[in-house]
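Take the position in the sequence shown, starting the count at 1, then add 654; the result is the number in our numbering.
There's no promise every hint is true.
As the list claims (entries may be wrong) - No more than 20 angstroms apart at the CA atoms, straight line, and that leaves these computed lysine to any residue pairs for SDA-like: (1) 708 - 735; (2) 708 - 770; (3) 905 - 888; (4) 996 - 935; (5) 905 - 827; (6) 669 - 680; (7) 669 - 693; (8) 996 - 945; (9) 955 - 926; (10) 903 - 828; (11) 955 - 863; (12) 955 - 944; (13) 903 - 827; (14) 903 - 916; (15) 973 - 946; (16) 996 - 1011; (17) 708 - 673; (18) 708 - 781; (19) 955 - 1005; (20) 669 - 710; (21) 903 - 918; (22) 903 - 914; (23) 903 - 826; (24) 708 - 694; (25) 903 - 821; (26) 903 - 817.
What the hints assert, rightly or not - Have a look at the derived ranges for each label pair, beta carbon to beta carbon: (27) 1075 - 746: 52 to 62 angstroms; (28) 1061 - 706: 22 to 32 angstroms; (29) 836 - 1008: 18 to 28 angstroms; (30) 737 - 922: 45 to 55 angstroms.
Simulated from the structure, these hints should not be mistaken for laboratory data.
By construction, the Cβ of each residue, glycine as well, lies at the ideal position given by its N, Cα and C atoms.
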Amino acid sequence: MSQIRDITSTITSGKLTLAQVFETLLAGPAPIRFTAYDGSSYGPEDAPVGLNLKNERGLAYLVTAPGDLGMARAYVSGDLDVVGVHPGDPYEGMVLLLRAMRFRRPSPTEALNLMRSVGLSQLLPPSPPPQEHLPRWRRLVEGFRHSPGRDGKVIQHHYDVSNRFYELVLGPSMTYTCALFATGSESLEEAQHAKYDLVARKLNLQQGQRLLDVGCGWGGMVRHAAREYGVRALGVTLSREQADWATQKNKEEGLDHLVEVRHLDYRAVQETGFDAVSSIGLTEHIGIEQYPAYFGFLRDKLVTGGRLLNHCITRPDNKPTQTGAFIDRYVFPDGELTGSGKIITEMQDAGLEVQHEENLRVHYARTLAGWGANLEANWDASVAEVGEGTARVWGLYMAGSRMGFERNEIQLHQVLATRTSDDGESHFPLRPDWIS
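Put together the whole structure using the sequences plus the hints.
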């Protein structure tokens, strides 16, 4: 009790250094190193990881937007460094910090006194870094959430960064979705090829069939289907840069007679009668309220007996959960996740017969490790292409997402369904036909 009185007395007397403020907010001792621009420090000098608060703007970010948003703003702007790790892949440092640091929540009075003790008497937040998208409540002026126009803007925010930047991070496959590791020893490129082939086999693709790939990205799935299975494929994406890159790649590989990629909202696809539909990494963007229309639309694109493969990030439960501020503002604006149970329910309610589902959670953690390694290896070129702030966003986001998959905070589910005949004829084999 006397220690608490001593801390409170020190706070109110206005004599705290920034390191003392940091120590005051810790729930207990932490084996990390904290240094600040006022010359103060906390923790052992030989700590494997640390934090360096470089200027007053960084402090203002931290105190005016507490939690992950304030930390992200300070880190992205370069006002807060994680010491001992590379910004291209800060995973190891984040793991150590997460294990070492536990913060307590100060009372409003104590928080105000803490700010006054370091010369911050007014809560005037600095302008956020340019990489930050508008908060959700301010985006209301951009139109109905998940309208085609607004969806186009938020997709462009994330995907129209730079094709060259994505080449550096994703590697030759230009595939920005979970890969499939059969043994764990595969290269990232081999694992992405295996993922596409698993999707193709689950869809039972045959030469001469027609495939629709919604949210096709840079066209990896449609090219795989055409090259390996002789399928005629249509891919659609809301990113013009992706569509342009994919169209050029189709020509280079001599597949443009079988493959078309359009810069188009999936809801604007007029063709029907597809033998198969793949949705790989799109469901996260469309909004949970849109699921009935989404799955109903995809069902209507299929021939009777046709197959739909939905591949997306999910939560480990089906409870409504808000997206974190960092992800919503810096990575996937308007993105929403739910559990595989909700997805299966909506597919069934749309008239699809669910045949199979599987969780590839641990595969996505490995995928993100590969992307992080690529960003670290190509850091200078990446910064030259998009700037250090944007490169920091991607390093932080990929490391945090890797941790999320490893800790079972998020998952990745593939759900396979068919458009069953009205008379109940299945058109599906007695046992899965993609397992050799």
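Hint-by-hint comparison with the structure:
{"no.": "1", "hint": "708 - 735", "verdict": "holds (8 angstroms)"}
{"no.": "2", "hint": "708 - 770", "verdict": "holds (19 angstroms)"}
{"no.": "3", "hint": "905 - 888", "verdict": "holds (14 angstroms)"}
{"no.": "4", "hint": "996 - 935", "verdict": "holds (16 angstroms)"}
{"no.": "5", "hint": "905 - 827", "verdict": "holds (16 angstroms)"}
{"no.": "6", "hint": "669 - 680", "verdict": "holds (18 angstroms)"}
{"no.": "7", "hint": "669 - 693", "verdict": "holds (14 angstroms)"}
{"no.": "8", "hint": "996 - 945", "verdict": "holds (9 angstroms)"}
{"no.": "9", "hint": "955 - 926", "verdict": "holds (5 angstroms)"}
{"no.": "10", "hint": "903 - 828", "verdict": "holds (11 angstroms)"}
{"no.": "11", "hint": "955 - 863", "verdict": "holds (14 angstroms)"}
{"no.": "12", "hint": "955 - 944", "verdict": "holds (17 angstroms)"}
{"no.": "13", "hint": "903 - 827", "verdict": "holds (11 angstroms)"}
{"no.": "14", "hint": "903 - 916", "verdict": "holds (13 angstroms)"}
{"no.": "15", "hint": "973 - 946", "verdict": "holds (18 angstroms)"}
{"no.": "16", "hint": "996 - 1011", "verdict": "holds (13 angstroms)"}
{"no.": "17", "hint": "708 - 673", "verdict": "holds (12 angstroms)"}
{"no.": "18", "hint": "708 - 781", "verdict": "holds (17 angstroms)"}
{"no.": "19", "hint": "955 - 1005", "verdict": "holds (13 angstroms)"}
{"no.": "20", "hint": "669 - 710", "verdict": "holds (17 angstroms)"}
{"no.": "21", "hint": "903 - 918", "verdict": "holds (18 angstroms)"}
{"no.": "22", "hint": "903 - 914", "verdict": "holds (11 angstroms)"}
{"no.": "23", "hint": "903 - 826", "verdict": "holds (11 angstroms)"}
{"no.": "24", "hint": "708 - 694", "verdict": "holds (11 angstroms)"}
{"no.": "25", "hint": "903 - 821", "verdict": "holds (13 angstroms)"}
{"no.": "26", "hint": "903 - 817", "verdict": "holds (12 angstroms)"}
{"no.": "27", "hint": "1075 - 746: 52 to 62 angstroms", "verdict": "holds (53 angstroms)"}
{"no.": "28", "hint": "1061 - 706: 22 to 32 angstroms", "verdict": "holds (26 angstroms)"}
{"no.": "29", "hint": "836 - 1008: 18 to 28 angstroms", "verdict": "holds (25 angstroms)"}
{"no.": "30", "hint": "737 - 922: 45 to 55 angstroms", "verdict": "holds (49 angstroms)"}
The structure agrees with every numbered hint stated previously.
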